[in-house]
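K.L.:
Listed below, chain by chain, are the residues.
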Amino acid sequence: MANTTFKVWRGDKDSGEFQEFQTEVSDGMVVLDAVHQIQAESANDLAVRWNCKAGKCGSCSAEINGMPKLMCMTRLSDFDLEEPVTIEPMRAFPPVKDLVADVSYNYRVKQNIKPFKPRQPDNEDGSWNMAQKDVERVQEFRKCIECFLCQDVCHVLRDHHKHDEFIGPRYFVYNAALEMHPLDQEDRVPDLKKSNGIGYCNITKCCTKVCPENITITDNAIIPLKERVVDRYYDPIKMVLHKIMGPKKKSD
Amino acid sequence: MAEIETIEHDVLIIGAGGAGLRAAIEASAQGVSVGLVCKSLLGKAHTVMAEGGMAAALANVDERDSWKTHFADTMRGGYYLNNWRMAQLHAQQAPDRVRELEAWGAVFDRTAAGKIMQRNFGGHAHPRLAHVGDRTGLEMIRTLQDHGIHQGIDVHMECTMSSLLKDGDRVCGALAYTRELGKFKLFKAKAIVLATGGIGRAYKITSNSWEYTGDGQTLAYRSGADLIDMEFVQFHPTGMVWPPSVRGILVTEGVRGEGGVLKNKNDERFMFGDIPENYQSSTADNPEEGWRYVTKTDRQARRPPELLTRDHVARCILREVREGRGSPHGGAFLDIAWIKEKIPNAEAHIKKKLPSMYHQFKELAGIDITKEPMEVGPTTHYVMGGIRVDGETQMSTVPGLYAAGECAAGLHGANRLGGNSLSDLVVFGKLAGEHAAKFAKENGEASIDPDQVSTAQAAALGPLDSGRAQVDGGAYQIQYELQELMQDKVGIVRKEEEILSAIDEIEVLKGRAQTVRAPGNRQYNPGWHTALDLQNLLVVSEAVARAAVIRKESRGAHTRDDFPEKEDAFGNVNTVLRQGADGQMEAIQETIPELPDELQEIIDERR
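Sequences listed follow chains L and R, in order. Residue numbers are given in the working numbering: position 125 of the first sequence equals residue 125, and the series is strictly consecutive. Residue numbers are given in the working numbering: position 527 of the second sequence equals residue 527, and the series is strictly consecutive.
Extracted from the complex, chain R is given alone in its bound form:
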């Protein structure tokens, strides 16, 4: 152990997207020493890709909005599987978190009265998303980064966590390696916050970057923490479908928020044909009403069906494609250019409100979205499930281990509303940082077990072992096969026998991943990094599949061909995944605690 650099912090934050940065800023404000570790360079995390906005009931555009309505919308969007305490705290605290970003330098788009502008988004009753054109995530991460670097936080960039270390029940540190030289770093900490994001790289068609390999979920799972609701993977309805190399890149929901409509090859606005019962009273039944809603010219107008929840829109697009009414490259048409029939300066308006989308289609597909429709189809976007946390403190089921942001679960239930992710990051990032700092103050030093460190080191170096046989494609090949497998068998629409066969195949891939060889040395070697990330991807893929098997119904983002309806028996249960005594993954169901009366009333008043 002598040769490993050891670094001590009271609180160690793993991940430097919105949640990690916000947690670090908060922990630092509580007066403890903070280390922030990120897999990439600072400011490049996935938050940067968030486009549409950040949901908060500021009531700047529609004064009827309130935290209660935001809470009720979030619960309904999540099919009531949400952790209601988190949904409540989120709705109550999001406005302060938005205003705080402004105080740290964020420059949101403005209303005519000079307030923070808010836009429409799927599942939100009122215009609620604070935004900056369609690059809100960039604004958030840059604001947090530029503020955070002056708060005395130690940042360790391009550094990947390979294992958490424990002292008895609690966490006490972590072993990491640097990308540049492949050197190990041993972090000692009294409390750890996981803020590592999602698992989207488990799928072939995804809007997620290479970083999204389920690292936090796996680190937590391996140290004995519970994961919940992993069957709920959000497929965003609108990813690019052509050309092939850009398939999956996100097309913001903001396009629909600004009046974009979905059509099939017969020029039909097919979303009008399938409006779920619990949204019928709040959804427009004709295009004119939808347009009046989008332009905020009629306060009584209801939302156009394109702004229904993501799970539903994704399924409708898939149905059009399967029934032969799709676009030429297997998607649907998303048309924003049509608004030129309605407003005089449409081209300039589109470029102003959706600059990244204009740029993205122009550069990557050669399409001018102010003149022609886009081709879009579902893409893996977000995981609602993740590390089980206490709603109040964000602590996982392992003492001293916290989680916030996408890697944590609870807020979104069975389906996340667009815009609730950015607010999730800062609301729960702050709470996690606060409570981790408190834990660090209240609990003394823990001690590192050198055996755990050497075991972790040996595991991390495994792929570089020259004794292993070299196979064509190496870890990349196994990753491709896993992505194909998850896309085909544990994708948007699932069936029992397919999921079961996926679990068997994952087992085989695990065996291959255990012995895969990465050529080259420890210095900035993506083949080695991929071999290690792959281990995490396999854990979270298995978790998704095992959870998907036991939820024998269709709800939110989880759609079962063999159980196409919602079932009451599953209407109040979370799926819990943990490592059993034999090392195997166990999946069980647990009943969700009942809502307090005052929260139930808020929901009932808004049905």
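Excised from the complex, chain L in its bound form:
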């Protein structure tokens, strides 16, 4: 097997640069394997986040040859190994060290979204009855592994730095999972419009393209939420109905 060149970003919050490493690539290797090999062979202190190495925990997000990906699910056979492979941290967040980015913004955003609020249980043992077809839509959103690649690629965050006014695709998916949960009775539409800044999303679908769980973020989560905001605030008939009928109908 041949030696391959990897250009790995190394640095911290103040400065950094790409550093070149050579390592041997063998059958079936993924990018994270190469990073581990480099770490063991020539850079013991190379910082990288990872846990499951099976695409389930969403820790090892990075930009590989410029594309936001999970390092553990990106096979090296997908690249032309005659050329160097570049690996750098997610750029929509501040760098911590090497391949590790400061993703604490995401945790702060989640803290401010109204939590799940179920209706009264249907049965005496505290359980509910729900049809499979009614939970499927929410199950799609609940596949999210919080890798934050959708946040990384979203231009509202990445290029326009609207972190204070916009919650990003991950948290529209999170909102959608709560809003469309058959048992939930909370009303998050005012927040979606105001503090969550859903209007900033101009549905370029970059988030959907990078989602490693193949969640149809834009079509199934963001657009339906935008419709709820439009219905509530910009449709004159529905605005009147909403004033008469109360704050939320949970039948939809």
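Because the hints were derived from the structure by calculation, they are not lab data. A quick note: this is a predicted structure, and the numbers were derived from the prediction, not measured. Check each hint, because a few of them may be wrong.
[To be verified] Taking lysine to any residue and the SDA-like style, the derived pairs with C-alpha atoms no more than 20 Å apart in a straight line are:
#1 R/Lys353 / R/His150
#2 L/Lys117 / R/His150
#3 L/Lys133 / R/His150
#4 L/Lys133 / R/Lys351
#5 R/Lys351 / L/Asn214
With chain L fixed as given, assemble chain R onto it according to the hints.
P.N.:
Same frame as chain L, now just chain R:
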């Protein structure tokens, strides 16, 4: 000590997987202040990888199920070495814990009647596993996380515990360092819950992440607590075997629960050839009956032999490989694609019930599991042994120190049934949180000894000492050697002389680990972290080896080539490991208290 940030909590929880999160939620509900510390980011702990489901006798799919049957199945699966009180509480409380997750937002798959769906799994008499496709662990951890963040718990992420601190007999705090800056944090607490998970990184082929370095077991052991039953390490029968870089990644038992069959290279379903005596009356003797069981079309049908307990299935696969009937890369074939002969929409069905497996094989091995068989082989998965706890309260043998989840021992005996781990986390996480809070309320402040803190600090900084010699590969190299050693000599099949030589070699590795140098500084330095984690791995590896030597029989997950049968003399003993007065590890055996009559009857009625 002046420069160390000090943080006070009534209850400190170490580990934020299912057990730690559930413990934190419970302790907080009891009205005490709670700190939750995790080595990674919140929501990334190993629970996230659990696939198949969470065992609870909800009786939604088969109304004949009850806590008693779940209890009897757990005891039989554990070869009766289980802490019977824990097995009882677990079976009784698991259904409430599942329903509670639903109340906090979990969205399980449904039955036609709209109830929580349950699937078949090895060793369970009835379909019992509440699940969400094959990503049940993700559903559990996300539900607990999203609920937990609104319960007033202080979360300290990417923070690793290096030592527990004691005031006399009881624990009073812990010293930790942050990953980002390598700064120390001193935690003062009245009670501590360890929920740190397993030890799988001690082996080369493993389904476990880097975090699983036996931290809780080691912290407890060093503070004088007993460990028990460390010889019982579960090798999951089905890990990926090819390509090499993914070797060990888990392939859920759910594949077999949905009708997947194991075959050797001669296309034989070899599991039919070796059904243990105590499972013969409950196991199908032909493929048709097995299929009727899987599809729940015949209530009298018995389980296919692929759903026998994990220890047995792992040994059968190993035997096929050793006797030359394995698959090309040294495993067996696991085939789910064959169900297309039986059902019309097989491809869609497989993708719906096993989406992660479909994805995992497609992405990592280039295999479409709806069309071709998978290649699988045993992988280190779980440790049944761990910190000895009181069945009622989850307190260890050190006052104020509690343990729950994989790092605690007792529930699973000599072998864990699939699906009993997720329920273990929430049942005993809750109990540990409850009793730790009670302890904190009943016991006043303890005081921190500054000498213990400075000793702990010095030990943690050792690998960064520029006076130490730098060696190629550093701590990584020692870790590789340990993993090879454990895999080869204290692996699935063990022999006295090999285990003894492993103990000697561990001693040598310990010496090297004591003086290993980690290049770089304290800022997010994985070389340093590995050097510290390695110390823990060496302790738990020694514990596994020492326990394995004195259990001179084969039982459950512990298989001895030189003692291939179960021995009555070992049928009612736990192995206890503790630090002796001389600092050396001692291994002794203790008789298990006898079962109360009412529990014995439950078992006897179901033999």
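K.L.:
Is L/Lys133 close enough to R/His150, meaning Cα to Cα at most 20 Å?
P.N.:
30 Å, violated
K.L.:
Is L/Lys117 within 20 Å of R/His150, Cα to Cα?
P.N.:
12 Å, holds
K.L.:
Below or equal to 20 Å on CA atoms is what counts here, so check L/Lys133 against R/Lys351.
P.N.:
Within the cut-off at roughly 16 Å; holds.
K.L.:
Starting from R/Lys351, check that the Cα of L/Asn214 is at most 20 Å away, please.
P.N.:
With Cα atoms ~13 Å apart, R/Lys351 and L/Asn214 stay inside 20 Å; holds.
K.L.:
Would the pair R/Lys353 and R/His150 pass a check requiring their Cα atoms to be no farther apart than 20 Å?
P.N.:
32 Å, violated
Checked against the numbered hints given earlier, this structure breaks hints 1 and 3; the rest are met.
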